[in-house]
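So the sequences go chain by chain: Y and R.
Quick note on the numbering used here: the first sequence kicks off at 1 and runs consecutively.
Quick note on the numbering used here: the second sequence kicks off at 1 and runs consecutively.
Since the hints were made in silico from the structure, they are not lab data.
Note that CB positions come from ideal geometry on N, CA and C, so glycine has one too.
Some clues are possibly wrong.
With beta-carbon atoms standing in for the labels, derived distance ranges [as the list claims (entries may be wrong)]:
#	chain 1	residue 1	chain 2	residue 2	range
1	R	17	Y	50	41 to 49 Å
2	Y	70	R	51	28 to 36 Å
3	R	60	Y	15	21 to 29 Å
4	R	60	Y	69	37 to 45 Å
5	R	11	Y	50	33 to 41 Å
6	Y	13	R	77	39 to 47 Å
7	Y	26	R	42	17 to 25 Å
8	R	106	Y	12	23 to 31 Å
9	R	41	Y	80	37 to 45 Å
10	R	14	Y	28	20 to 28 Å
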Amino acid sequence: DVKVTQSSRYLVKRTGEKVFLECVQDMDHENMFWYRQDPGLGLRLIYFSYDVKMKEKGDIPEGYSVSREKKERFSLILESASTNQTSMYLCACEGGLQEQFFGPGTRLTVL
Amino acid sequence: QKEVEQDPGPLSVPEGAIVSLNCTYSNSAFQYFMWYRQYSRKGPELLMYTYSSGNKEDGRFTAQVDKSSKYISLFIRDSQPSDSATYLCAISGYNKLIFGAGTRLAVHP
Chain Y
1 DVKVTQSSRY LVKRTGEKVF LECVQDMDHE NMFWYRQDPG LGLRLIYFSY
51 DVKMKEKGDI PEGYSVSREK KERFSLILES ASTNQTSMYL CACEGGLQEQ
101 FFGPGTRLTV L
Chain R
1 QKEVEQDPGP LSVPEGAIVS LNCTYSNSAF QYFMWYRQYS RKGPELLMYT
51 YSSGNKEDGR FTAQVDKSSK YISLFIRDSQ PSDSATYLCA ISGYNKLIFG
101 AGTRLAVHP
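Produce the entire structure from the sequences given, and follow the hints as far as they go.
Structure, rendered in structure tokens:
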């Protein structure tokens, strides 16, 4: 089974802090994704990556950046956290035919 | 207009009921259709996957796609309390998955 792990389940940060969310997958999949999930809005794509050192903006990239130095690891960075970035963050990797496997999520609260 | 529309519910049904969950989509070019299930405080997991019009059955679950109406459905027969979760439709388009907002389902004993 594909396993996707995220570095933290719950995180509390203060406004203006730099926040790192890390995601690791164990299936050698090339495509990885970061989403945020908010009530009533579903999953919204922040960034994705098709290969090491490659990244593409999703639908809501503002205020975020990403890093992919190794194939199995995809990091989401909040350069200066704001309260409107309080959300559930989900990482996914993609197998064949766009089937995506998700991590357990990180619930981030920005105070 | 959103690319994928899904009624957020919540939907509350008694154990044993037949549940119908639905999504509509806007672009007839979309090809692959999926249903994900998400339990509370967990990530979504793939439940059903289909790429053509018609029905696909897996145990108590049936996924239905009507491309002419741009309408997809998930039916759950003999629903169980363990089916209580949020169900998200996802449609493959523009080289990415587009998710519905999710429907929260509660099955009570």
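- In this structure, is the beta-carbon distance linking residue 60 of chain R and residue 15 of chain Y contained in 21 to 29 Å? violated, 47 Å
- Query: Is it true that residue 17 of chain R and residue 50 of chain Y lie within 41 to 49 Å of each other by Cβ?
  - Reply: holds, 43 Å
- Query: Could one say that the CB atoms of residue 106 of chain R and residue 12 of chain Y fall in the range 23 to 31 Å?
  - Reply: holds, 29 Å
- Message: Between the beta carbons of residue 41 of chain R and residue 80 of chain Y, is the distance compatible with 37 to 45 Å?
- Response: violated, 28 Å
- Okay, residue 11 of chain R versus residue 50 of chain Y on CB: inside 33 to 41 Å? The hint (33 to 41 Å, Cβ to Cβ) holds, given that residue 11 of chain R and residue 50 of chain Y are roughly 37 Å apart.
- Can you let me know if the beta-carbon spacing of residue 13 of chain Y and residue 77 of chain R is within 39 to 47 Å? holds, 45 Å
- Measuring from beta carbon to beta carbon, are residue 26 of chain Y and residue 42 of chain R in 17 to 25 Å? For residue 42 of chain R against residue 26 of chain Y, whose Cβ atoms are near 18 Å apart, the range 17 to 25 Å holds.
- Could one say that the CB atoms of residue 60 of chain R and residue 69 of chain Y fall in the range 37 to 45 Å? Given range 37 to 45 Å: holds, Cβ gap about 44 Å.
- Query: Between residue 14 of chain R and residue 28 of chain Y, does the beta-carbon spacing fit 20 to 28 Å?
  - Reply: violated, 45 Å
- Taking 28 to 36 Å as the hint, is the beta-carbon distance of residue 70 of chain Y and residue 51 of chain R inside that range? Holds, at about 32 Å.
Violation of the numbered hints given earlier is confined to hints 3, 9, 10; the remaining hints are satisfied by the structure.
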